[in-house]
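Mind docking chain C on chain G? Use the hints.
Residue numbers (the numbering used here), protein chains in the order written: chain G, 10 to 120; chain C, 55 to 167.
These are calculated hints, taken from the structure and not from any lab test. Heads up, the beta-carbon is just placed ideally off N, CA and C, and yes, glycines get one too. Take every hint as true, because none was put in to throw you off.
Covered stretches of chain C, going by a simulated chain G footprint (3 or more residues, C-beta under 8 angstroms): (1) 89–99; (2) 102–110; (3) 140–149; (4) 152–158.
If you want the building blocks of each chain, they are given just below.
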Amino acid sequence: LAKTTQPISMDSYEGQEVNITCSHNNIATNDYITWYQQFPSQGPRFIIQGYKTKVTNEVASLFIPADRKSSTLSLPRVSLSDTAVYYCLVGDWTGGFKTIFGAGTRLFVKA
Amino acid sequence: DSGVTQTPKHLITATGQRVTLRCSPRSGDLSVYWYQQSLDQGLQFLIQYYNGEERAKGNILERFSAQQFPDLHSELNLSSLELGDSALYFCASSPRQVSEKLFFGSGTQLSVL
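Extracted from the complex, chain G is given alone in its bound form:
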């Protein structure tokens, strides 16, 4: 089972900022939080990764509170091409480390 919980879907409009929150209550002390983007019939693509506080790159920002039990992926000024499934991932240390993806959040950007 995935160690994360995300909203199943979200809708937005072009030009808006989108925030997707992920819960990971049982995150391990040494775990990073990683986000992926997946378009239909393509492999997931790494977006951003962080351990604590805030991380920003050319694509997105990742906000992580001090307790690290949740994280928020922020996509600034989305466009139609940002319509995709977004996955939040933390390591699963059950019986050895595994990279388990949850159900993800299906983001639909409208014109």
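Chain C only, in chain G's frame:
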């Protein structure tokens, strides 16, 4: 382009048959991961290899097997195929044994008729 190569891109076969999917990781990456993605099951972790050794196992059926060769490419063998095995199979790679940052290939679309 992630640098991970999967072949073939499409595969159509019949129930009961056996197929082999191939993956070449990014240059320098020692870990290879296999995932299965179907419409009703999402992205399911199957198995991970690191430098030729099996390191983690997920929901991989006994009819499925995998291996990683000395040149680090990997093969996923699917046998006694059933209709429900139709799915997109992804390979991913990473430099280390423990990593949440994976690089995915474009997948092999398997259709079992």
